Structures are given as structure tokens and as C-alpha cells.
Amino acid sequence: KQEVTQIPAALSVPEGENLVLNCSFTDSAIYNLQWFRQDPGKGLTSLLLIQSSQREQTSGRLNASLDKSSGRSTLYIAASQPGDSATYLCAVRPRGTDKLIFGTGTRLQVFP
Amino acid sequence: NAGVTQTPKFRILKIGQSMTLQCTQDMNHNYMYWYRQDPGMGLKLIYYSVGAGITDKGEVPNGYNVSRSTTEDFPLRLELAAPSQTSVYFCASTSERGVNYGYTFGSGTRLTVV
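Read top to bottom, the protein sequences are chains A and B.
Counting from 1, one number per residue, gives the positions in the first sequence under the working numbering.
Counting from 113, one number per residue, gives the positions in the second sequence under the working numbering.
Excised from the complex, chain A in its bound form (with noise of 0.2 angstroms):
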């Protein structure tokens, strides 16, 4: 069964700063990864979407990173700002299933 994993649960970094938010998963036979924004009380926003077959996306200040045999992608976001603060949660298609599975998420918080 597939698991997907995020860590850290919450970050609170100063303005500026780089940062690197992790996604693992437990089954590398997948389609696809895909990194969202969640707004508080808000739907969900794709940012990136990598296929299994890429090893990085980018947009913008985000970079997306995907080993698919290590069960891992990282979202790297550049020079951090306020307005980046929200709910990351990424999320794998499994080969086979017509289905998202994704993570608990990734809450960040950037202060000025």
C-alpha cells in the first residue's frame, strides 16, 4: 500500500531564507508527484508536477526534485517571503490506480 510521508509537519522560518520541504513515498511504481498550496481555508493550488520519468521541475523560485528509486522529492523554495506562508502537501499517482494519494502536509510560516 502506498504511504506518503511529509516532514517537517510545520517549519517557521525568517523572510529570505532558502528551505527545502520533503515528500517520501513508500512505492516507486508511480505516474507522477504533484506539489500543492493550501491556503487557510482555502482549495488546493498545483504548484509543480513532475513525471516519473523527470528528475526536476521548476517554477520560479520553486524547484522540485524527484528520485523515484529512493521514494523521495524535495520542493526547494528560493529566498523565502511572507506570502509563501501556507500548507504544502504533495501528493503520487500509483501506477495502476486512477487514484492521488498525498501527505499530511507541510504547514510553513515565513516571518518578516
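There's no promise every hint is true.
Taking lysine-lysine pairs in the DSBU-like style, the calculated list, with each CA pair at most 30 angstroms apart, reads [to be verified]:
1) K156/B x K42/A
2) K169/B x K99/A
3) K121/B x K169/B
4) K126/B x K1/A
5) K169/B x K156/B
6) K68/A x K1/A
7) K99/A x K156/B
8) K169/B x K126/B
9) K1/A x K169/B
10) K1/A x K156/B
11) K121/B x K68/A
12) K169/B x K68/A
13) K42/A x K121/B
14) K1/A x K99/A
15) K42/A x K99/A
16) K68/A x K156/B
17) K156/B x K126/B
18) K68/A x K126/B
19) K156/B x K121/B
20) K68/A x K99/A
A short list of chain A residues far from chain B (calculated; beta carbon distances all over 12 angstroms) [claimed, not checked]:
21) G60
22) G103
23) Q109
24) V110
According to the in silico footprint, chain A covers these stretches of chain B (three or more CB under 8 angstroms from chain A) [said to hold, decoys possible]:
25) 157–164
26) 190–199
By construction, these hints were calculated from the structure, which means they are not laboratory data.
Since the structure is predicted, the reported quantities are computational estimates derived from the model, not experimental observations.
Note that the Cβ used here is the ideal one computed from N, Cα and C, for glycine as well.
Given chain A, work out where chain B should sit, using these hints.
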């Protein structure tokens, strides 16, 4: 560019009442999903559908029902509301299995059962 639209945004139900959460998408996606998110937790899959007329159970289907009569709509029905169903419900859609497409989520329905 509506994407995935959920209604209502908020609802308070009394124990034993019934309601339908609406979800519609305008992207011609075949795959649609219902998730619930409890405080401090990840999302759990309730039901999903791979096309009109086809539905299947997810991890936590008890107490819910779904139907998929059209590609666009995927309503979620609560028949006898219980306090354990207090949660935020998200509808999502995607185009094809295994292809290079991510998921699009609605903005959620916050349900409280009292």
C-alpha cells in the same frame, strides 16, 4: 476558465439530515474525485469516477453516495448526516490515467454537522 466549481461553499446540517454537494467541471475531464480533509490531516479519497456512468469507492466511502450521469457533473450525496462527516470536501478532476496531467481542485465545501 471556471475549472472545477463546487457548491455550496459552506453548510451546516443537523444530524440525520441529507444534502448533496455539487461539483461540475468544464474541462471535459473523464476522471473526477471526491476527497475529504479533516483538520491537520491529508486528503482522503471518498469516491471517484473514470467516466459517465462509472463510479468506484475510495478509502472512506461509508455514509456517502455518488452518481455520474454526465461528464461534467459529479455530485456527492450525504443521506443521514453524522458529526463524523464534519469536514472540508474537495472535488477534483484530471484528464487521463497515467498521462502527463495533474489534478485540478475545486475551492471546497466546508460542512459542519451539529
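Here is how each hint holds up against the structure:
1. K156/B x K42/A: holds (17 angstroms)
2. K169/B x K99/A: Holds, at about 11 angstroms.
3. K121/B x K169/B: holds (24 angstroms)
4. K126/B x K1/A: violated (36 angstroms)
5. K169/B x K156/B: holds (11 angstroms)
6. K68/A x K1/A: holds (16 angstroms)
7. K99/A x K156/B: holds (10 angstroms)
8. K169/B x K126/B: Holds - the C-alpha atoms of K126/B and K169/B are around 25 angstroms apart, at most 30 angstroms.
9. K1/A x K169/B: holds (16 angstroms)
10. K1/A x K156/B: holds (14 angstroms)
11. K121/B x K68/A: violated (37 angstroms)
12. K169/B x K68/A: holds (28 angstroms)
13. K42/A x K121/B: Satisfied, since the Cα-Cα distance of roughly 10 angstroms is no more than 30 angstroms.
14. K1/A x K99/A: holds (12 angstroms)
15. K42/A x K99/A: holds (22 angstroms)
16. K68/A x K156/B: holds (23 angstroms)
17. K156/B x K126/B: holds (23 angstroms)
18. K68/A x K126/B: This hinted pair is violated, its Cα atoms lying about 46 angstroms apart.
19. K156/B x K121/B: Status holds; Cα separation ~19 angstroms.
20. K68/A x K99/A: holds (18 angstroms)
21. G60: holds (17 angstroms)
22. G103: It is violated; G103/A is separated from chain B by about 6 angstroms at its closest Cβ, not greater than 12 angstroms.
23. Q109: Consistent with the label, Q109/A stays out of reach of chain B, its closest Cβ about 15 angstroms off (over 12 angstroms).
24. V110: The claim holds: V110/A sits with its nearest Cβ about 20 angstroms from chain B, beyond 12 angstroms.
25. 157–164: n = 3 at 8 angstroms, threshold three: holds.
26. 190–199: violated (count 0)
Hint violations for this structure: numbers 4, 11, 18, 22, 26, all remaining hints satisfied.
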